[in-house]
Amino acid sequence: MKRARKLLKAAGFSMLSAVSAAALAVENTELLTVDAAVNSKVLDGVASGLGKGAKVDSLTVFECGRVEAPDRSHWSPGVDVGVAHKMVASCYLIRHGDKLMVWDTGIPAPVAKLENGLSIAGGKINLFLDKPFPALLKENGISPASVEYLAMSHMHADHTGNANAFTNANWFIQEAEYNAAFGEDAPKFNFRKATYAKLDQSKVVKLNGHHDVFGDGSVVIIPAPGHTPGHQVLYVNLESGPVILSGDLWHFASNYHFSRVPGFNYDVKQTRASMKMIDALAAVSGAKIILQHDHDGNQKIPHAPKSVR
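The working numbering applies: residue 3 is where the sequence shown begins, and numbers increase by one.
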């Protein structure tokens with residue numbers, strides 16, 4: 003609890019109750035706005051939701067591509083210059099009763115047809131894909147059309163690559179991210195409209211803060227902007243304990259431990275504030291943070307057809 007108090011203080015929060023680990027109050031609302039770091043409603047709303055105690059049935063992790071780079075310092079400026087690096091692109095299927103939710107959709111399907119992968123960012127990033135996410139779902143008896151809820155941490159193509167396969171789903175996105183993704187400046191944010199343009203606009207739910215997906219606190223979308231204007235993370239409560247799917251808030255373990263922020267992020271200050279908030283929330287809720295791109299960490303997590311429960 004001492005670590006939690008320290009983290010909360012650093013993030014501008016205070017713990018109100020040692021009994022309810024998620025009972026938080028906002029002390030510094032300047033940090034907690036959509037335009038600055040996180041929406042001022044996040045902690046109050048999330049705290050009430052996390053206290054409900056509902057749990058999902060399972061979380062299934064899929065390998066939806068690989069990322070290789072000749073220079074890790076692209077993500078950690080000034081550190082590990084020239085060190086070769088590899089990451090994973092993960093997708094997630096959440097089962098809650100008879101409801102299915104997808105979080106992130108992986109590298110675009112056409113990359114699977116490229117024997118040598120796809121080189122982007124002037125050769126700084128190389129993408130590889132063995133099998134597209136929709137095909138992986140079908141191998142596990144899941145039709146993309148049966149997925150009722152869809153959310154992505156942000157709109158970069160390694161997360162939206164197969165979004166168009168989920169046109170039947172209700173799609174949750176922070177309004178700031180939506181405006182950036184469909185605005186004229188989308189390419190400046192490194193968004194590729196073709197990967198998500200087919201999503202049914204009548205089913206989009208624009209968020210300005212946290213969102214309790216199933217209404218029982220088991221799955222909560224939490225805004226954590228900075229990497230992109232409306233980046234978000236996902237709290238998932240499992241029987242084995244809660245986890246937070248961190249999107250690109252941190253790309254790998256060393257960046258997490260040293261709070262390093264890629265220079266190409268939309269807003270470095272926002273990112274640091276979001277890091278503090280999510281780390282504090284994890285500390286007081288007992289949630290394990292899953293670094294979605296971290297190669298070594300992902301090797302320790304069961305992947306489809308096995309599930310985390």
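You may find that some hints are simply not true.
30 Å max Cα-Cα, derived DSS-like pairs, lysine-lysine [to be verified]:
id, residue 1, residue 2
1, K101, K126
2, K271, K140
3, K88, K308
4, K205, K133
5, K101, K308
6, K205, K140
7, K101, K57
8, K133, K271
9, K57, K115
10, K302, K140
11, K140, K200
12, K140, K88
13, K126, K271
14, K271, K57
15, K190, K308
16, K126, K190
Just the calculated beta-carbon pair ranges, DEER-fashion [unchecked claim]:
id, residue 1, residue 2, range
17, S145, E186, 42 to 48 Å
18, V270, S148, 36 to 42 Å
19, G80, N192, 32 to 38 Å
Bear in mind the hints are in silico, worked out from the structure with no lab data behind them.
Here the structure is a predicted model, which means the values were calculated and not measured.
All C-beta atoms in this analysis are idealised placements derived from N, C-alpha and C, irrespective of residue type, glycine included.
Status of each hint after checking the structure:
In summary, the hint linking K101 to K126 is not supported, as the alpha carbons are separated by about 39 Å, beyond the 30 Å threshold. With a CA separation close to 41 Å, the supplied pair K271 and K140 exceeds the 30 Å bound. Pair hint K88 plus K308 holds up; C-alpha atoms about 24 Å apart against a cutoff of 30 Å. Annotation: proposed proximity of K205 to K133 holds, straight-line Cα distance about 27 Å (limit 30 Å).
As the CA atoms of K101 and K308 are separated by approximately 18 Å, the hinted pair is consistent with the 30 Å bound. At most 30 Å may separate the alpha-carbon atoms for a hinted pair to count; K205 and K140 meet this at roughly 23 Å. For the suggested pair K101 and K57, the alpha carbons sit about 13 Å apart, so the restraint of at most 30 Å is met. As the CA atoms of K133 and K271 are separated by approximately 37 Å, the hinted pair breaks the 30 Å bound.
Our distance criterion of 30 Å between C-alpha atoms is broken by K57 and K115, whose separation comes to about 39 Å. A C-alpha spacing of about 24 Å is found between K302 and K140, which places the hinted pair at or below 30 Å, so the restraint holds. Note on K140 and K200: the hinted pairing holds, with a Cα-Cα distance of about 20 Å set against a maximum of 30 Å. For the hint linking K140 to K88, the alpha-carbon distance of about 27 Å falls within 30 Å, and the restraint holds.
For the suggested pair K126 and K271, the alpha carbons sit about 24 Å apart, so the restraint of at most 30 Å is met. Taking the CA atoms of K271 and K57, the gap is about 34 Å. The hint is violated against a cut of 30 Å. Taking the CA atoms of K190 and K308, the gap is near 38 Å; set against the 30 Å cutoff, the hint is violated. For the proposed pair K126 and K190, the alpha carbon gap of about 17 Å is at most 30 Å, so the pair holds.
Roughly 35 Å separates the CB atoms of S145 and E186, a value that falls outside the hinted 42 to 48 Å. Take V270 and S148: their Cβ atoms lie about 40 Å apart, and the range 36 to 42 Å holds. Between G80 and N192 the beta carbons are some 22 Å apart, a value that contradicts the proposed interval 32 to 38 Å.
Violation of the numbered hints given earlier is confined to hints 1, 2, 8, 9, 14, 15, 17 and 19; the remaining hints are satisfied by the structure.
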